[in-house]
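Using the sequences and the hints given, assemble the complete structure.
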Amino acid sequence: MRTTKKIRVLIAKPGLDSHDRGAKVVARALRDAGMEVIYTGLRQTPEQIVETALQEDVDVVGLSILSGAHKALFPRIMELLKERGLMDVMVFAGGIIPEEDVSEMKKLGIKEIFGPGTPTETIIQFVLENVPKRT
Amino acid sequence: MTMFDEKKIEEIKRERQHWEKTTLPKWIRQSPECKSEFRNHSGMLIKRVYTPEDIKNLDYMRDLGFPGEYPFLRGVHATMYRGRLWTMRMFAGYGTAEQTNQRFKYLLKEGETGLSTAFDYPTIMGYDSDHPMARGEVGVCGVAISSLKDMEILFDGIPLDKVTTSMTINGPAAMLLAMYVAVGDKQGVSREKIGGTTQNDNLKEFFAQKLCIFPPKPSVKLTTDIIEYCARHLPKWNPVSISGYHIREAGATALQELAFTLYDGIAYVESTLERGLKVDDFAHRLSFFFASHSDFFEEIAKFRAARRLWARIMKERFHAKNPRSMWMRMHVQTSGCTLTAQQPLNNIIRTTIQALAAVLGGTQSLHTNSFDEALCLPTEEAVRVALRTQQIIAHESGVTNTVDPLAGSYYIEALTNEMEEKAMEYIRKIDEMGGATAAIERGFFQKEISDSAYRYQTEIDEKKRIIVGLNEYTIEEEECPIELLRIDPKVEKEQVAQLQKLKRERDNRKVKEVLEKLHYAAEKDENLMPTIIEAVKAYITLGEITDVLRKVYGEYKELIVI
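Protein sequences appear in the order of chains H and U.
Just so it is clear: in the first sequence, position 57 is 57 by the numbering used here, and no numbers are missing.
Just so it is clear: in the second sequence, position 429 is 429 by the numbering used here, and no numbers are missing.
Please note that the accuracy of each hint is not assured.
Restraint ranges, calculated between C-beta atoms of paired labels, are given here [to be verified]: (1) U/R324 x H/Q125: 55 to 61 Å; (2) U/D185 x H/K71: 35 to 41 Å; (3) U/Q500 x H/D32: 45 to 51 Å; (4) U/K47 x H/E36: 40 to 46 Å.
Don't read these hints as lab results, they were simulated from the structure.
Bear in mind the structure is a predicted one, so any value in this text is a computation, not a measurement.
Idealized CB from N, CA, C, for every residue including glycine.
Below you can see the structure in the form of structure tokens.
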């Protein structure tokens, strides 16, 4: 199925924090694994992230946040994705997200949350296995 | 004069070659070395054994000298820790100004000797707590300070002539310094006595910490305003803390950290000279800030090389005359990015090694990270252990008994030389590019750092680099064994309510008048410090001041380099 079209991934940084080391390393690892990766840059509002996801026609969105504002921002991002008809886009997240918040975030529809120390190979495999099939 | 005569070096060389042919092969046959080559984080090849051959050109008086004298390799003070220990300065801030004030008092009670303030992201980005961009961020990663009112609470009961305070603030450094000065005025502390540091290193923001508000040119202008203002009015204030820490945390190697930080220092000296100040009027107050990672000797060599290289730059490039213009005083923080969320108590050991390297490297001030910081802001217990780590090194280890105890080690001196030489190569390269701003604009620093970060991660993923508890010696299904600090969402609501009350109750006619004056001063390219002090005293908020400057200077648009 996927022989002609590469998986398109948006790596996005919501929140005001500027810890982009992880986001960039993941972006690069996914690119080296053969995916098309778009990186938003820092301090993107939920509106900007969803707009980029739509414009870039991505299959996957990876959210990276280390500021602790995930509880304020992730629900809004998921809500906007639905509003804009992007329900099929697979969303995963990474950064400093306390264990006790993980199930709440997953209930919003975020497929997986990767904490500090996750090997990039784990993320690559996860994306390959969970990328939605295009119709 | 070199330390070894040529005949002796020849003899050592012969003996080494003999050893390599006779003793060594037997041992290697018996137990082969674990790796084909050994390298430090900076990629330098580490030899099996170091001898006088490796430092045969070392000239004691030229290259090492005595502590407190040029080239300051052995330390900036003649007696170092025999006279006075380093300042134990724990970076702290969360929630409201009241909460952080309590944490400050707790730390002082437990024996820390200087304050260091962590601001929340809205403050750092020049947004008031009620700005839409601040949603979910107020007081979460630091303390929320929107106006002088908050600053008064933050330092309530802390006499500013008895303690020095460091503030990790860059874009809005002028506003926070103005608030600090205003608190000092209210306490009746004269400006000659106000001591501390504003980070105020805007250049590294563009490629390392990335908390940029304005474009590079006005950012450097604001940094320089503070340097100039302090040279004239705040003699005990360190106007800038030229920071390698964030460069390192973003992924740079020790060598890149050293070279890029010193280059930023060069840029600030140049921008201040352009204001008509003489180098000896301000250079003695420039301070530095480095990270300390886990490769023990590499870090020690980096700190030592940094001091000598800076002294040489100040003397040879900028023709400073006062020896104090050539001294590099530094604050060190142990490395946050080496901490693991897995088996967090192991982080205490990492921090200990890193802190010891900083002390053996001759730091003036030190922050030790808490073991829970890969997971959250530190709890009181975690921060106490971190402070105790410094106190144990200071009072129990004996490393403070003599100055620069590792001097003369063949390995340390050879590595110090190599660090300095390779950093100079970078400096020449950046000179050729046209300086720091030009290098930022072409993404040079960004690419260098990004490549190093990726290489580091790849080494961990491929287990070429072992991180205990992470990719080796792991525990399956680990339960988090420690208590985590959470910030109550009520903080944001209360802070916003307080701020809006302040905005209603202050003299808003005065506010309008001073903001117009500030706008005019910014357009005329005047030094903004005096007007900003006037503004904060009228309870004009951080966000309101920043907004005026945003209008005049524009906002920085990130150059994305992956």
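Inset, instruction - Using the beta carbons of U/R324 and H/Q125, state whether their distance is inside 55 to 61 Å or not. - result: Since U/R324 and H/Q125 have Cβ atoms about 57 Å apart, the given range 55 to 61 Å holds.
Legend entry - Range hint 35 to 41 Å (beta carbons of U/D185 and H/K71) holds or violated: Since U/D185 and H/K71 have Cβ atoms about 40 Å apart, the given range 35 to 41 Å holds.
Legend entry - Supplied distance hint 40 to 46 Å, evaluated on CB atoms of U/K47 and H/E36: At 45 Å between Cβs, range holds.
Inset, instruction - Can you let me know if the beta-carbon spacing of U/Q500 and H/D32 is within 45 to 51 Å? - result: holds, 49 Å
The structure agrees with every numbered hint stated previously.
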